[in-house]
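Going down the list, the protein sequences come from chains C and D. Its first residue numbered 6, the first sequence is counted upward by one per residue in the numbering used here. Its first residue numbered 13, the second sequence is counted upward by one per residue in the numbering used here.
I should point out that these hints are in silico values taken from the structure, not numbers from a laboratory. Since we're looking at a predicted model, the values are computed, not measured. Positions of the beta carbon are idealized from the N, C-alpha and C atoms, including for glycine. Keep in mind that a hint or two might mislead.
[Unchecked claim] With beta-carbon atoms standing in for the labels, derived distance ranges:
id, chain 1, residue 1, chain 2, residue 2, range
1, D, Thr215, C, Ala198, 39 to 47 Å
2, C, Gly450, D, Leu309, 52 to 60 Å
3, D, Leu125, C, Gln184, 54 to 62 Å
4, C, Gln282, D, Val311, 53 to 61 Å
5, C, Pro123, D, Pro172, 31 to 39 Å
6, D, Leu309, C, Lys211, 40 to 48 Å
7, C, Ala198, D, Leu103, 34 to 42 Å
8, D, Thr215, C, Gly200, 29 to 37 Å
9, D, Leu85, C, Gln282, 51 to 59 Å
10, D, Thr215, C, Gln19, 24 to 32 Å
11, D, Arg216, C, Arg397, 34 to 42 Å
12, D, Arg216, C, Thr66, 56 to 64 Å
13, D, Val311, C, Pro123, 52 to 60 Å
[To be verified] Anything over 10 Å on all C-beta distances counts as not near chain D; from chain C, calculated:
id, residue
14, His85
15, Ala89
16, Met100
17, Phe105
18, Asn110
19, Arg358
20, Met444
21, Gln491
[As the list claims (entries may be wrong)] Anything over 10 Å on all C-beta distances counts as not near chain D; from chain C, calculated:
id, residue
22, Pro84
23, Val102
24, Glu109
25, Gly114
26, Gln115
27, Gln125
28, Lys163
29, Thr191
30, Glu267
31, Pro363
32, Leu370
33, Ala420
34, Lys490
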Amino acid sequence: MTEPGQFPLAIEMQDITKRFPGVIANQDVNFSVRPGEIHALLGENGAGKTTLMNILCGLYTAEEGEVFLDGVPVRFHTPHEAIAAGIGMVHQHFMLVEPFTVAENIILGQATGVLREPRQTLHQRLMALADQYGLSLKPEAKIWELSVGEQQRVEILKALYRQAKILILDEPTAVLTPQETEGLITILRRLAAQGTTIIFISHKLKEILAVCDRVTVLRDGKTVGTSDVANCDTHSLAEMMVGREVNLQRPDRTPLPTTPQEPRLHLEGISALGNHQVPALRDIALSVYPGEILGVAGVDGNGQRELEEVIMGLRTPTQGTIHRDGAIAHIPSDRYSMGLISDFTVTENLLMRDIDQPPFNVRGLLHPTKMAAHAAHLVQQFTIRTPSVKTRSGKLSGGNAQKVVVARELSQGHAIILAAQPTRGLDIGAMEFVHGQLMAQRDAGAAILLISTELEEVLRLSDRIAVLYEGRVVGVVRAENADVKQLGLWMAGKSAEGDRQRSAASGAVPSEGAVS
Amino acid sequence: MPWDQVFTLTFLVAILTAGIRLATPVLLAVLGEIITQRSGVMNLGLEGVMLMGGWAGFATTYYLEQSTGLTELSAWIGLGAGIVAGLLMGLLMAVLSITWRTDQVVAGITLVLLGQSLTTYLYRADPALAKARVTGIALRPIPGLSDIPVVGDILFNHSPVVYLSVALVFLCGFLLFRTNWGLQIRAVGENPAAVATSGLNVTRLRYLCTLIGSGMAGLGGAVLTVVQLNLFIEGVTAGRGWIAIAIVFFSRWNPGLALGGALLFGVADALQFRIQALGSEAIPYEFLLMLPYVLTLVVLLFGNARDQTPAALGIPYVKGNR
């Protein structure tokens with residue numbers, strides 16, 4: 006696979022195969038990266054991107070295949086060896102020690118000698134390194150005090166401190182606001198210009214088109230192909246990724262009723278504490294009307310979990326009232342801890358809500374054949390791929406596990422639906438299915454509150470969009486008036502109030518979209 | 013109850029002196045367990061480890077003393093044997109909890125049961141051991157300082173083991189907070205994945221910290237039997253291993269606070285001994301025996317440890333988990 010007339014490839018991975026019990030994560034994968042380029046690795050969840058990169062950085066060992074760095078064969082057994090060879094990885098879930106300072110995290114495992122380097126000289130050294138790459142850095146700050154974007158910069162610096170010549174970023178923009186994403190892209194461009202080779206793992210097509218030079222697509226653990234980004238567009242990439250046409254548009258919807266309606270779910274002045282007894286929700290007011298989807302956008306960790314718990318009665322608000330008009334169906338954000346009992350069968354999970362109702366339960370005795378028959382019906386209706394209804398639900402793939410939750414919650418036509426991160430970790434096929442189900446419920450008149458950290462999902466499904474920042478609703482806007490840039494600013498904490506004051510001061514007309 | 017005998021300066025000095033002495037075995041176990049838990053391994057088996065250290069230390073000292081007649085040297089070698097016994101127990105804990113990833117609560121209780129049953133068996137295997145006494149290690153008053161009235165008696169008139177233990181408090185603090193290795197230990201207790209991706213060996217760090225911790229607990233047990241009681245009986249540690257674990261939690265994994273917790277236990281223990289010796293009939297002796305444990309726990313309950321708990325404490329690290 007050597008390309009003629011080129012410098013030796015920075016990385017060349019040939020015919021890589023890696024198996025996990027019951028799954029082939031990578032099968033004969035070929036992947037090569039030129040020095041100094043930004044190379045995207047694209048694929049759906051479970052396509053084998055992360056596995057391939059974990060092999061490259063020494064966390065896993067491939068069963069078959071060879072890896073060359075600058076034309077020299079290498080085989081890493083530990084991350085230490087990969088680091089020594091100049092490979093740095095910024096993991097999707099940051100590998101940082103939260104109670105430690107930025108400086109302590111950067112030098113962890115790198116410092117020599119017994120005694121720790123005096124704080125002052127260490128901090129000066131790190132500041133100089135950060136300056137060299139044009140990154141800002143607060144060496145004395147504790148990791149938990151930093152925003153997600155800042156934490157990511159610490160991870161990048163950590164790799165650069167270990168003299169990484171190859172930087173792998175695993176889904177780096179998943180947790181960033183659009184503005185933070187811009188910042189990251191600037192940093193990556195600068196690093197590439199200075200000679201760092203960058204591998205950018207993502208399933209966000211637009212970012213790949215905006216940042217990368219070339220792209221390699223993986224599907225079901227196999228290489229689909231590599232192309233120059235200049236020759237691609239979102240549709241061709243999406244097709245390569247899923248192997249069929251993908252619908253990226255807002256689905257058609259019945260118009261909202263024009264007559265005034267009573268809200269089905271109404272929150273007023275809700276405040277609540279988080280797990281560390283610090284305020285997590287502050288004075289939240291939201292109303293969800295029948296036949297609409299109200300999307301709650303925001304960067305992860307700004308009160309989404311607490312909002313979900315307060316509405317479901319799992320967390321007691323310190324202030325405010327919640328009014329519910331009807332039963333609530335709940336698609337929880339953490340499907341494995343809240344949505345399913347992994348050790349129970351598909352049938353048991355599907356019928357969990359009805360287990361005390363006839364015909365499944367007669368005078369306290371369960372009726373297994375009726376339960377199984379009903380479960381089989383739901384499995385068919387919701388296209389849940391499972392060997393049988395007696396399969397332990399923990400054995401299902403993420404998408405099918407979520408379909409079990411969705412089938413249970415949406416099959417009864419509840420008046421209110423709370424869908425929290427309903428497609429987190431799902432591939433495009435399963436995602437489209439869940440979206441379709443939510444849209445069908447909306448059109449049938451349910452009041453749906455969608456809490457999602459995927460801005461695209463919120464934009465696609467919602468009739469109105471609210472943005473959550475540090476536990477506050479900073480703005481609410483009708484979806485057709487929504488502007489991504491504006492939403493991004495709200496997600497970063499610039500409130501609608503502030504906008505209005507600023508525009509009033511400059512004599513401009515206040516933004517029409519901002520409804521409070 | 014002759015209360016007038018209780019509230020005298022002599023009595024107070026005696027209580028505090030004995031308190032420091034009695035705190036030593038617990039303190040050693042606590043310091044070791046702090047290092048172990050800081051690395052993310054919760055060794056609940058301290059009681060068993062201390063028993064094994066206590067038996068190994070005492071038996072070694074006794075047999076050596078019988079054959080050589082060198083009392084003090086035998087005692088020092090006995091303390092060494094206590095450490096070795098602790099290390100062996102620690103190795104078992106490490107294999108169970110780190111390599112095999114057994115539930116750490118189960119692994120710890122296994123160690124306790126093993127220590128209790130094995131020492132009982134060994135104790136009964138040689139009838140001579142039951143009546144045996146060893147000489148131990150003589151007090152080493154610190155010249156000059158020990159002549160200071162009151163304070164000199166309380167602080168500077170002790171066995172070298174006591175001075176060593178106090179020095180270890182500072183050494184532990186220094187290790188954890190001032191050295192690169194300490195940074196790695198604390199990191200592996202918070203986020204082992206971050207340590208692994210930094211190119212460090214999680215398993216090796218945790219093995220070392222588990223071994224250090226049980227080695228120190230073994231030493232603590234040996235100090236109790238060889239230096240303080242000069243004898244060994246069944247269940248001689250009497251729950252000191254459990255108290256040590258409680259002190260570790262309530263001292264927030266901080267060696268300085270742990271010294272305070274251990275002293276509290278030691279002084280309460282000394283008080284209980286003295287009141288019993290005064291022959292009080294007003295208080296049943298069972299109640300007095302209970303006193304140091306209850307008092308230590310009640311005082312410690314006021315410390316709130318939740319937020320400082322090492323985030324990965326008790327959770328096995330699985331490389332390449334997905």
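Inset, instruction - Could you check that no beta carbon of chain D comes within 10 Å of the beta carbon of Glu109 of chain C? - result: Its Cβ does come within 10 Å of chain D, the nearest being 6 Å, so this is violated.
Legend entry - Whether Gln115 of chain C stays farther than 10 Å from all C-beta atoms of chain D, as the label says: Nearest chain D Cβ is 7 Å from Gln115 of chain C, so the label is violated.
Inset, instruction - With 10 Å as the threshold, tell me whether Asn110 of chain C passes as away from chain D on beta-carbon distances. - result: violated, 8 Å
Inset, instruction - State, for the Cβ atoms of Val311 of chain D and Pro123 of chain C, whether the hinted interval 52 to 60 Å holds or is violated. - result: violated, 37 Å
Inset, instruction - Would you assess whether Met100 of chain C, listed as outside the interface, keeps its beta-carbon beyond 10 Å of every beta-carbon in chain D? - result: It is violated; Met100 of chain C is separated from chain D by about 4 Å at its closest Cβ, not greater than 10 Å.
Legend entry - Consistency of the no-contact label for Gln491 of chain C, given chain D and a CB cut of 10 Å: Fine: 36 Å to the nearest Cβ keeps Gln491 of chain C off the interface.
Inset, instruction - Take a look at whether the Cβ-Cβ distance between Ala198 of chain C and Leu103 of chain D falls inside 34 to 42 Å. - result: At roughly 53 Å between Cβ atoms, Leu103 of chain D and Ala198 of chain C fall outside 34 to 42 Å, so the hint is violated.
Inset, instruction - With respect to the beta-carbon atoms only, verify the hint that Thr215 of chain D and Gln19 of chain C lie 24 to 32 Å apart. - result: Holds: the Cβ-Cβ distance is about 31 Å, inside 24 to 32 Å.
Legend entry - Non-interface claim for Met444 of chain C, where every Cβ of chain D lies beyond 10 Å: holds, 32 Å
Legend entry - Minimum Cβ-Cβ distance from Lys490 of chain C to chain D exceeds 10 Å: The claim holds: Lys490 of chain C sits with its nearest Cβ about 35 Å from chain D, beyond 10 Å.
Legend entry - Distance restraint hint 40 to 48 Å, applied to the beta-carbon atoms of Leu309 of chain D and Lys211 of chain C: violated, 59 Å
Inset, instruction - Take the C-beta atom of Leu85 of chain D and the C-beta atom of Gln282 of chain C, compute their distance, and say whether it sits inside 51 to 59 Å. - result: The hinted range 51 to 59 Å holds for Leu85 of chain D and Gln282 of chain C, with Cβ atoms some 57 Å apart.
Of the numbered hints given earlier, the model fails hints 4, 6, 7, 12, 13, 14, 15, 16, 17, 18, 22, 23, 24, 25, 26 and 28; all others are met.
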